[in-house]
Amino acid sequence: EAGVTQFPSHSVIEKGQTVTLRCDPISGHDNLYWYRRVMGKEIKFLLHFVKESKQDESGMPNNRFLAERTGGTYSTLKVQPAELEDSGVYFCASSRELGRQETQYFGPGTRLLVL
Amino acid sequence: AQSVAQPEDQVNVAEGNPLTVKCTYSVSGNPYLFWYVQYPNRGLQFLLKYITGDNLVKGSYGFEAEFNKSQTSFHLKKPSALVSDSALYFCAVSPPGSNDYKLSFGAGTTVTVRA
Numbered sequence: 001e002a003g004v005t006q007f008p009s010h011s012v013i014e015k016g017q018t019v020t021l022r023c024d025p026i027s028g029h030d031n032l033y034w035y036r037r038v039m040g041k042e043i044k045f046l047l048h049f050v051k052e053s054k055q056d057e058s059g060m061p062n063n064r065f066l067a068e069r070t071g072g073t074y075s076t077l078k079v080q081p082a083e084l085e086d087s088g089v090y091f092c093a094s095s096r097e098l099g100r101q102e103t104q105y106f107g108p109g110t111r112l113l114v115l
Numbered sequence: 116a117q118s119v120a121q122p123e124d125q126v127n128v129a130e131g132n133p134l135t136v137k138c139t140y141s142v143s144g145n146p147y148l149f150w151y152v153q154y155p156n157r158g159l160q161f162l163l164k165y166i167t168g169d170n171l172v173k174g175s176y177g178f179e180a181e182f183n184k185s186q187t188s189f190h191l192k193k194p195s196a197l198v199s200d201s202a203l204y205f206c207a208v209s210p211p212g213s214n215d216y217k218l219s220f221g222a223g224t225t226v227t228v229r230a
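Going down the list, the sequences are from chains A and B. Quick note, the first sequence lines up with residues 1 to 115 if you use my numbering. Quick note, the second sequence lines up with residues 116 to 230 if you use my numbering.
List of simulated lysine-lysine pairs, DSS-like, C-alpha gap at most 30 Å:
1. B/173 to A/44
2. B/137 to A/41
3. B/192 to A/44
4. A/51 to B/164
5. A/44 to B/184
6. B/137 to A/44
7. A/54 to B/164
8. A/41 to B/173
9. B/164 to A/41
10. B/192 to A/41
11. A/44 to B/164
12. B/184 to A/41
Just so you know, the hints here were simulated from the structure itself, not pulled from any lab data.
Taking the hints into account, I'd like the entire structure generated from these sequences.
Below is the structure:
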């Protein structure tokens with residue numbers, strides 16, 4: 001079975017520009033999560049979709065970040081306008097079932113650099 | 116407050132020697148604990164998890180971890196390290212809460228195994 005895929009693998013943009021990250025979860029996984037690791041610190045939760053619905057978006061830093069999952073398949077995370085502090089690695093994860101015990105399977109991440 | 120702590124930024128061991136990567140947690144209730152590994156230029160890979168039952172959990176690539184409730188620890192171990200085990204290791208906890216499925220990660224520990 002194919003794993004979680006993310007596109008692009010790297011993105012370098014200038015401050016003020018817009019970037020859209022894409023995540024394709026494992027087929028059949030209703031739960032999709034976005035996380036971010038900034039400046040070599042902890043990986044922090046951004047938000048969680050159950051199918052196309054946002055279950056929890058408590059980790060979204062501000063309204064410059066917009067996540068969507070139309071149709072409950074792939075998800076996009078848009079940053080507009082990007083700021084320097086948005087640089088980091090953005091990870092997507094998915095799980096089949098909903099529950100604390102469920103393993104979240106992660107993608108390779110998108111490395112974002114805002115100049 | 117940080118839920119998970121990895122007290123060592125780096126661990127260096129010689130190939131063939133035992134490897135231990137430390138993790139402590141500070142959530143109340145019954146934590147669900149996870150270990151992930153990130154190899155260079157790769158995404159996070161799931162290694163193992165503790166949900167309930169036997170305190171010693173065995174995972175991928177010969178790794179195991181021991182849940183110690185009295186010490187609130189979940190250290191990752193491997194009896195004989197390989198050079199290919201050199202990677203970034205993350206401990207994570209799923210905190211108690213019926214509607215809280217996000218993972219809280221430690222800052223990561225870089226493991227270097229020298230030949």
